[in-house]
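Chains as they are written, first to last, in the working numbering: chain B, 1 to 408; chain A, 1 to 81.
Do not take every clue at face value.
What the hints assert, rightly or not - Listed below are the simulated BS3-like cross-link pairs for lysine-lysine, each with C-alpha atoms no more than 27 angstroms apart in a straight line:
| # | chain 1 | residue 1 | chain 2 | residue 2 |
| --- | --- | --- | --- | --- |
| 1 | A | K14 | B | K122 |
| 2 | A | K16 | A | K63 |
| 3 | A | K39 | A | K16 |
| 4 | A | K39 | B | K122 |
| 5 | B | K122 | A | K16 |
| 6 | A | K14 | A | K39 |
| 7 | A | K63 | A | K39 |
| 8 | A | K63 | A | K14 |
Hints are computed from structural coordinates only; laboratory data are not their basis.
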Amino acid sequence: MHRVVVTGMGCVTPIGSSVAAMEESLAAGTSGISAFPPIAEAPASPGLRFTQTARVDGFDAREYLSSGTLSAADRTAQFAIVASRQAALQSQLTQHHAPQRIAVVLGCSTGGRSSEEAETAKLYTRDARLHPLSVVRTMANAGASHTSIDLGITGPVFTLSTACASGTHAIGMAFHMVRSGMVSAALAGGHEAPLTFGFLRAWDSMRVVSASRCRPFAADRDGMTLGEGAAVLALETLESAQARKATIFAEVVGFGMSADAHHITNPAASGAVAAIHAALADTGLPDAADRVGYINAHGTGTQANDATEATAIHQVFAERGARIPVSSTKSLHGHSIGATGAIEALATVLSLHHQTLPATAGVTAVDATLNLDVITGAPRKAAVELALSNSLAFGGINAVLALAAWRG
Amino acid sequence: MDDIAQRCIDIIAKSKGLDPQSISLESSFDSLAIDSLDKINISFEVEEAFNIEIPDDALGSLKTVGDVVDGVRRLTSEPTA
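My request is simple: use the sequences and hints to build the entire structure.
Here it is as structure tokens:
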């Protein structure tokens, strides 16, 4: 068994298309949520109950990708390539690990959604011919495949899909692969670019999107805010990181998974409890629960999620549950489905590295019935040894990462 | 340069992010760094623009901008039914 550390990070998010920019936004509490512009494909009245999303504005893939790759890659894969490059560049992992010993494990829920919708609309409305690269634009594994091609990585490369937990599952599985010795390094994270008219209308129909903007754990919370983006972590063994004197940003110490086996949309606290317990047990530390000093919550801002997640925290941590600082960075970067868990894991790594916990934005009054220490207003300085990043997905699928501050 | 040639050059220029002035009928795909994915994309855009269907066996023989223009001329001059 190897210890596994984070030696590189990359991101393309509504609060910054580099880790430095995202750090700045987390510190300043700058939200990436804003009113979305008119939707070209939509009728004058788009039939949406909400007006805001968290978009990656100003992303021009032509700055990064060749014309051939551009024509073959949907926006979601473009995000994956750019975030992966950043993580690889910072960690220098492709220079220090054999290509067949590196894995790429990415989470993605909706595949090439904008390409799928654009091509399908052409077909269904005017029987038009479809672009010959439609298949590779829309396949869910495109992000992982393009990343492997772009960086020359030949080890295990795959995409997994667990809705809102995809990015967390990807990092967790890659962590276990490096820990076990199956590979010596990995690029792991998630990517999603789902903000099409069809996607927005589908979520609108579920009536779980905030009419204004998400306010996780707030007394007046009224739903989530949809987003897009990508985040990737470079993971490797502690031995290799230390041997080459790489900068270590945090250690991945545990990962837990579970399923509610209850309902396709309504969460059950028992599943979240099981995943948190599994992540704590996976650390191998008998007192892991006592060491947790921060929880980056799934915190979607829906009534059901936030109440269920609070219940789970109290069940796991008993009387400490009310005292562990909790925040939901979705209030800044939105809920980017398959990417969000990876973006939150990145935020958690940064929290540990800087010993500063991000605040939940947009909350004027915390829901007192939740009995949680929700960080609001400004980020909080804190001495944190162990942090959790929770993802509780539709389908009743849960994934929790345990990350530790690196004090080497 | 006639309309067909100019439109083909414009499609290639747009696809590659190049100045149309930098492209001539003699420009080879290699000299324009047109890779296999570019070729698929450009062929599709040309098919769309001229409402033609490039035969499978012709796709592989396209090496220059002039080849594309000649192919479009042939396909657009053929009786459609």
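* So which of those numbered hints doesn't the model satisfy? -> Hint check: nothing fails, all pass.
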